[in-house]
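Student: Residue numbers (the numbering used here), protein chains in the order written: chain A, 1 to 1101; chain B, 1 to 167.
Just so you know, the hints here were simulated from the structure itself, not pulled from any lab data. We treat Cβ as the ideally placed atom computed from N, Cα and C, and that holds for glycine. You may find that some hints are simply not true.
[Unchecked claim] What follows is a set of in silico ranges between Cβ atoms, one per label pair, in the way DEER data are often shown:
#1 A:Arg-9 to B:Glu-54: 34 to 42 Å
#2 A:Lys-662 to B:Lys-52: 20 to 28 Å
#3 B:Lys-62 to A:Ala-431: 42 to 50 Å
#4 A:Glu-301 to B:Asn-83: 47 to 55 Å
#5 B:Lys-62 to A:Gly-685: 46 to 54 Å
#6 A:Ala-512 to B:Glu-54: 54 to 62 Å
[To be verified] Straight-line Cα separation of at most 20 Å, SDA-like style, residue types lysine to any residue; simulated pairs:
#7 B:Lys-52 to A:Gly-583
#8 A:Lys-164 to A:Gly-134
#9 B:Lys-52 to A:Ala-696
#10 B:Lys-39 to A:Lys-179
#11 B:Lys-39 to A:Gly-661
#12 B:Lys-91 to A:Ala-696
#13 B:Lys-39 to A:Lys-56
#14 A:Lys-684 to B:Lys-39
#15 B:Lys-52 to A:Thr-600
#16 B:Lys-39 to A:Asn-253
#17 B:Lys-91 to A:His-432
#18 A:Lys-6 to A:His-432
#19 B:Lys-35 to A:Gly-84
#20 B:Lys-35 to A:Lys-56
#21 B:Lys-35 to A:Thr-464
#22 B:Lys-39 to A:Pro-693
#23 A:Lys-684 to B:Lys-91
#24 A:Lys-56 to A:Gly-84
#25 B:Lys-39 to A:Gly-84
#26 B:Lys-39 to A:Asp-463
#27 B:Lys-35 to A:Gly-661
#28 B:Lys-39 to A:Val-697
#29 B:Lys-52 to A:Lys-269
#30 B:Lys-39 to A:Ser-465
#31 A:Lys-269 to A:Asp-23
#32 B:Lys-35 to A:Lys-269
#33 A:Lys-810 to A:Leu-766
#34 B:Lys-35 to A:Glu-460
#35 B:Lys-52 to A:Gly-84
#36 B:Lys-35 to A:Asp-463
#37 B:Lys-35 to A:Val-783
#38 B:Lys-52 to A:Glu-460
#39 B:Lys-39 to A:Thr-464
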Amino acid sequence: MAATQKPMRYGHTEGHTDVCFDDTGSCIVTCGSDGDVRIWENLDDDDPKSINVGEKAYSCALKNGRLITAVSNNTVQMHTFPEGAPDGILTRFTMNANHVIFNSDGTKIAAGSSDFMVKVVEVTDSSKQKTFRGHDAPVLSLTFDPRDVYLASASCDGSVRVWKIADQICTTSWPLLQKCNDVINAKSICRLGWQPGSGKLLAIPVDKVVKLYRRETWDSQFDLSDAFIMQPLNVVAWSPCGQYLAAGSVDGNIVVWNMETQECIERMKHEKNYSICGLAWHPKHRQIAYTDTEGNLGLLENVGDGKKPNDKVASTVTKDYNDLFDGEDDDYLNGDMIEPQSSPKAGANEDDGDDLMPTSGHLRRAIIDDDDNSLDIGMIKANSNLEKEDDDDDQTGGFPALPPSSTQQPFYDGPMPTPKQKPFQSGSTPAHLMHRFMVWNSVGIIRCYNDEQDNAIDIEFHDTSIHHATHLPNSLNHTMADLSTEAILLACESTEELASKLHCIHFSSWDANKEWTVDMPEDEDVEAICLGQGWAACATSALLVRVFTVGGVQKEIFSLPGPVVSMAGHGEQLMIIYHRGTGFDGDQCLGVQLMELGKTKKQILHGDPLSLTKKSYLIWVGFSAEGTPCYVDSEGIVRMLNRGLGNTWIPVCNMREHCKGKSDHYWVVGIHENPQQLRCIPCKGARFPPTLPRPAVAILSFKLPYCQVTTEKGQMEEQYWRSVVFHNHVDYLSKNGYELDENAKNQSVKEQQELLMKLFALSCKLEREFRCMELADLMTQNVVNLAIKYASRSRRLNLAQRLSEMAVEKASELATAPEDEEEEEDFRKHLNAGYSNSATEWSQLPVRNVQQDQEMEDAEETDAYEEVEEAPEVHKQSKKNVLSEEAGSYLNVSSNKKDPVVPSANVLDTMNKYSKKTSLSSSRAVNKQNPPVIKPLIPKPKTKQALAISFFQARTLNSSEKTVEEKEEKAGNESHEVKVTVQESTENRRPKTGFQMWLEENRANILTDNPDLNEAEVIKEGMSRFRMLSSEERMVWTEKAKGGTVNDLTEDKKRKRPTADEDEAKKNQEQKPEDSNLSKKPKPLDQSTNVRLAAFAFKQS
Amino acid sequence: ISRQVLWCPSPHCYLGPFNPGLPVEVPVWLAINLKQRQKCRLIPPEWMDVEKLEEIRDQERKEDTFTPMPSPYYMELTKLLLNYASDNIPKADEIRTLVKETWDTRLAKLRLSADSFVRQQEAHAKLDNLTLMEINTTGTFLTQALDHMYKLRTNLQPSESAHSQDF
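Input sequences plus hints: build the corresponding full structure.
Tutor: Listed below in structure tokens is the structure:
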């Protein structure tokens, strides 16, 4: 199996460290610049035993229950192990020792010091010392010959020397290293190593290669190198069997070679590329412990290929393994060496194929190498036999025979799997801290103190009216917590005796029993918990999610597709984030489930992939105060569920943009959508805050990552979409039966429409008329009218015309919508997808329809009267022939519409201006002559008010108001008729309204009463008289007027088209004499259809 | 309801909205009042920090002239906040000492410059970066003293000139 690299952990404060295993391999011992020696039972040991040995510890060695350390007070000290009691000082130097080692049987130690001296001291009698003088600079590293004859040392003077211990003389010296004046300036600390067992080879890390020298002859045997090594090597370490050699470089790479084949079998990279300064093999297992110069401790497991020799070794090697080493290791070596190659496992893996097993890269490469070198197996056997005999001559021939290029062969450098992130509680700080936050959310803060005197939990509420602050003893050692306005939920992992527990303090309960506890089944640990409204949930290591009521009744239980990462609750919603699979190259592969645990239980997000920034992991997950799911990744990107876009995730804030320093972070405690606030705690140089001094909450603003936000356009676009996104919750909540402030909603709509209008104006200025149209498409009906007004005022007549066409289209869409509504409603019930985005729109539709029906009515009224106003004007203008071409075309538009229609209102507005220019006096006169123009406009605000009060009631306005409107509309039509008559067009053929018919009959009467009236005044008078009629009489006229046409309209919808076509045809006929251009226009069809439909809908209600 | 309140030096601020757990800027008088009623925690101003104050003190000692202070009311704020909210301010004692030291240094400078001003009989002197409170410690005394001295001098002058006339 490929070596597994466990994540590094904090071992000591920053600085040089050293590491070794104890004799049995049961614990890892490290020392560091904090002067402590720590004894770790394993890498996950959160409470290592610490022995303080001095101010700084430079090196440590452990054998036979004796721990020796080189400390900063220039001594080499001895402590008992594992008790850690001081056991005397072995030797002193004038400077600190840099490296201490035991010999193979543990009877002697050697120490090399910065005062250029090397000393060998007997452990039992420190008076028996041997001093080796000769180095001209601080001694870096030492290694004992396993046979106790020689001692090798490396020094800053650039030399590596071999000393004969008995004679205290230098046997040989190689100028291998770069010279320097002190240890701290040395490029490499050059931890050299003598091959265990026979001691045949001495490995010296020299720059990027490991040079191997042969015993007695002291000639360079061969070099080990690898393309993976980019920086000088710092440390080498032999496996206890002497078959493998590990080397660590100053840029954090660890490489392991198989000495027989000289193949590189492992390549690992330090996760942060810190310099490796300590490397130790486990005496039995294939593990390597390593430490870096930043004080971190790491562990590689299953180093080497093939079957682990653990079992075999464990059985043969007893506690005093080292004593047996000399005698038995050769057999062990043989077995060990051959097994990997014949391992059936390896073969099976190879069969898996390349694509399927990218993770087995190391392994596969090893296998390939084996294949390449299969011819060498026999030779290797021979080698090992030779080794057993401790004979040297033949071996010299053996090694060079190996392909020298083998180390340069390509190795697997594809995507590497990322370690899966561990489960966490949102708003908590790491569990290994003595004082930590268990949770900080919008309800309160739970702190946990776990020190010598006390193990307790402090609960504090932001709003003390919810509950008073509480202090609990933490006897069960709870590590997870959540807090809601109803309850406190705590959970602990299982211990040897006790099962994992879920503990709930339901403080809002009205009975006396406020607490309950649930034990998890055996071998099931709670990994994440959360609270919602009326329920609590926990996810366990058995990939189960268990839901409880807040009172402790067990409810739903379901399986998760992967190990949980975190979960969050809000109201009825439960969000669970879990590992969907293995991520590669630093990425996590997470999935999210969002469900509702209300009356109708359903799943909204079905384990969708969670979008995370590259190489980041999840650090916070939760809901906004309004109930929208959000999460934050380690790159500081806050994402929010966009229910308006098919439940996608939208990044709403990049917290790193707000950070001053590179290592500063924000720690999220809450998200609010209204007002838009991201509540978080600024942490200087850390990811999370300390409990003391009490951190202050800061508020960040949201910003969607739109392009060009420095420009006005980008800024407004960002604001618009942010407003849209942050008001999605309104629809969601209203659908879920929450009562909502309509004002707030209206305000948001207003805000959005204002932004659109500004954007529209901006695009207008930039002469981007097409863009204007696109923007208008996003607007509501009445804002489109505003836009039309704006366009016509700024003399963009083409735009205004198109806009008015669009407005009509919109109106028609809305007019047809109510008919489909019923079907839709059924459909909706079927789907039961009340929370999906589309449903949101459905629910909006009726509201909008009604609203826009109203608007349409308003617009129609306005139009009608504006046309009345316009009529004489147009008349005059046409007489005068002063109209420009453009104005002429608009005249067409207006005259085109026999029925009063929305869009022309503002076009006519422009016309007003034009006419004002041409004949100011006349338009003024018109205004005076047509007081009704002003009067009918009054109902408009009235209906608006009604709108604001209740959208749904708008449809059921009382009939009297309706009739007034109706009548007004008719009046408009009538006046239009009048206009047409004035123009001597063929308009008469057109069906008439009740008022028109009435007026025709009564015109004579009016004229006889007031002979001096002009045409407009006649209409006015006629209107006031018509109004004085009783409603029955008016109805009679209306019915009369409707005659055939109305019947047409009330018929089946399918006949809409033909009617419209007929109408169109008629119109064309009418218009042809006036203007031949008109026949080109396709729009009137839509317009008339719309208007008829609108009129129909209106009359029906 | 516990609230966090941030001090605010200007006396006319818009107040609120108050949210539990969220900091808000209020005038000092209100902050202290709320603190006394245990309705809030105070967040000390940014400069009220041992490291920053040490820097300011060292700078003040190094320079011959007055260095700008982090706040024109640094002494007043220190007094008020440390008296009423020392539990919300980390290392309150150290801060008290540091501010006192800075204050002493500045007053010594002020006395020294007043001395040299009088000695050299200068007509005017420019003193930048003095806070109101510092000015008030010597202001009245110094101006009165200068008045007196002026009187004495002007009394001296005629007599001198009279003497010379005698000759």
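Student: For each hint, tell me whether it holds in the structure or not.
Tutor: Hint check results:
1. Distance hint check: the CB atoms of Arg-9 (chain A) and Glu-54 (chain B) are about 35 Å apart, consistent with the given range 34 to 42 Å.
2. Remark: the range hint 20 to 28 Å for Lys-662 (chain A) to Lys-52 (chain B) is upheld by a beta-carbon distance near 21 Å.
3. A hinted range of 42 to 50 Å holds for the C-beta pair Lys-62 (chain B) and Ala-431 (chain A), which are about 47 Å apart.
4. Distance hint check for Glu-301 (chain A) and Asn-83 (chain B): the Cβ-Cβ separation is about 60 Å, which falls outside the suggested range of 47 to 55 Å.
5. Judged by the Cβ atoms, the range 46 to 54 Å given for Lys-62 (chain B) and Gly-685 (chain A) is violated: they are separated by roughly 28 Å.
6. Checking the proposed 54 to 62 Å range against Ala-512 (chain A) and Glu-54 (chain B) shows it holds: the Cβ atoms sit about 56 Å from each other.
7. In summary, the hint linking Lys-52 (chain B) to Gly-583 (chain A) is not supported, as the alpha carbons are separated by about 45 Å, beyond the 20 Å threshold.
8. Between the alpha carbons of Lys-164 (chain A) and Gly-134 (chain A) the distance comes to roughly 13 Å, so the proposed pair stays at or under 20 Å and holds.
9. Distance hint between Lys-52 (chain B) and Ala-696 (chain A) is fulfilled; the C-alpha atoms sit about 19 Å from each other, no more than 20 Å.
10. Of the pairs offered as hints, the one joining Lys-39 (chain B) and Lys-179 (chain A) is violated, with about 67 Å between alpha carbons and a cut-off of 20 Å exceeded.
11. Distance hint between Lys-39 (chain B) and Gly-661 (chain A) is unfulfilled; the C-alpha atoms sit about 34 Å from each other, more than 20 Å.
12. Taking the CA atoms of Lys-91 (chain B) and Ala-696 (chain A), the gap is about 17 Å. The hint holds against a cut of 20 Å.
13. For the proposed pair Lys-39 (chain B) and Lys-56 (chain A), the alpha carbon gap of about 48 Å is over 20 Å, so the pair is violated.
14. For a cut-off of 20 Å, the pair hint linking Lys-684 (chain A) to Lys-39 (chain B) is broken: about 28 Å separates their Cα positions.
15. With a C-alpha separation of about 58 Å, the suggested pairing of Lys-52 (chain B) with Thr-600 (chain A) is violated against the 20 Å cut-off.
16. Restraint check: the Cα-Cα separation between Lys-39 (chain B) and Asn-253 (chain A) comes to about 56 Å, which exceeds 20 Å; the hinted pair is violated.
17. About 26 Å separates the Cα atoms of Lys-91 (chain B) and His-432 (chain A), which puts this hinted pair outside 20 Å; it is violated.
18. Proposed proximity of Lys-6 (chain A) and His-432 (chain A) is supported: the alpha carbons are some 17 Å apart, at most 20 Å.
19. Our distance criterion of 20 Å between C-alpha atoms is broken by Lys-35 (chain B) and Gly-84 (chain A), whose separation comes to about 50 Å.
20. Distance restraint check for Lys-35 (chain B) and Lys-56 (chain A): the Cα-Cα separation of roughly 46 Å exceeds the 20 Å cut-off, and the hinted pair is therefore not satisfied.
21. As the CA atoms of Lys-35 (chain B) and Thr-464 (chain A) are separated by approximately 16 Å, the hinted pair is consistent with the 20 Å bound.
22. This hinted pair checks out: Lys-39 (chain B) and Pro-693 (chain A) have alpha carbons roughly 18 Å apart, not beyond 20 Å.
23. Distance restraint check for Lys-684 (chain A) and Lys-91 (chain B): the Cα-Cα separation of roughly 18 Å lies within the 20 Å cut-off, and the hinted pair is therefore satisfied.
24. Restraint check for Lys-56 (chain A) and Gly-84 (chain A): satisfied, since their Cα atoms lie roughly 16 Å apart, inside the 20 Å limit.
25. As the CA atoms of Lys-39 (chain B) and Gly-84 (chain A) are separated by approximately 51 Å, the hinted pair breaks the 20 Å bound.
26. At roughly 11 Å between alpha-carbon atoms, Lys-39 (chain B) and Asp-463 (chain A) fall within 20 Å of each other, so this suggested pair holds.
27. Proximity of Lys-35 (chain B) to Gly-661 (chain A) is assessed by CA-CA distance (about 33 Å); at most 20 Å being required, the pair is judged violated.
28. Between Lys-39 (chain B) and Val-697 (chain A), the direct Cα distance comes to roughly 17 Å. Compliance with the 20 Å bound is thereby established for this hinted pair.
29. For the suggested pair Lys-52 (chain B) and Lys-269 (chain A), the alpha carbons sit about 41 Å apart, so the restraint of at most 20 Å is broken.
30. The suggested pairing of Lys-39 (chain B) with Ser-465 (chain A) holds, with an alpha-carbon distance near 13 Å, which does not exceed 20 Å.
31. At most 20 Å may separate the alpha-carbon atoms for a hinted pair to count; Lys-269 (chain A) and Asp-23 (chain A) exceed this at roughly 27 Å.
32. Annotation: proposed proximity of Lys-35 (chain B) to Lys-269 (chain A) is violated, straight-line Cα distance about 54 Å (limit 20 Å).
33. About 26 Å separates the Cα atoms of Lys-810 (chain A) and Leu-766 (chain A), which puts this hinted pair outside 20 Å; it is violated.
34. Note on Lys-35 (chain B) and Glu-460 (chain A): the hinted pairing holds, with a Cα-Cα distance of about 18 Å set against a maximum of 20 Å.
35. Between the alpha carbons of Lys-52 (chain B) and Gly-84 (chain A) the distance comes to roughly 43 Å, so the proposed pair goes past 20 Å and is violated.
36. Proposed proximity of Lys-35 (chain B) and Asp-463 (chain A) is supported: the alpha carbons are some 16 Å apart, at most 20 Å.
37. For the proposed pair Lys-35 (chain B) and Val-783 (chain A), the alpha carbon gap of about 50 Å is over 20 Å, so the pair is violated.
38. With a C-alpha separation of about 32 Å, the suggested pairing of Lys-52 (chain B) with Glu-460 (chain A) is violated against the 20 Å cut-off.
39. This hinted pair checks out: Lys-39 (chain B) and Thr-464 (chain A) have alpha carbons roughly 11 Å apart, not beyond 20 Å.
Hint check: violations occur at hints 4, 5, 7, 10, 11, 13, 14, 15, 16, 17, 19, 20, 25, 27, 29, 31, 32, 33, 35, 37, 38; the rest are consistent with the structure.
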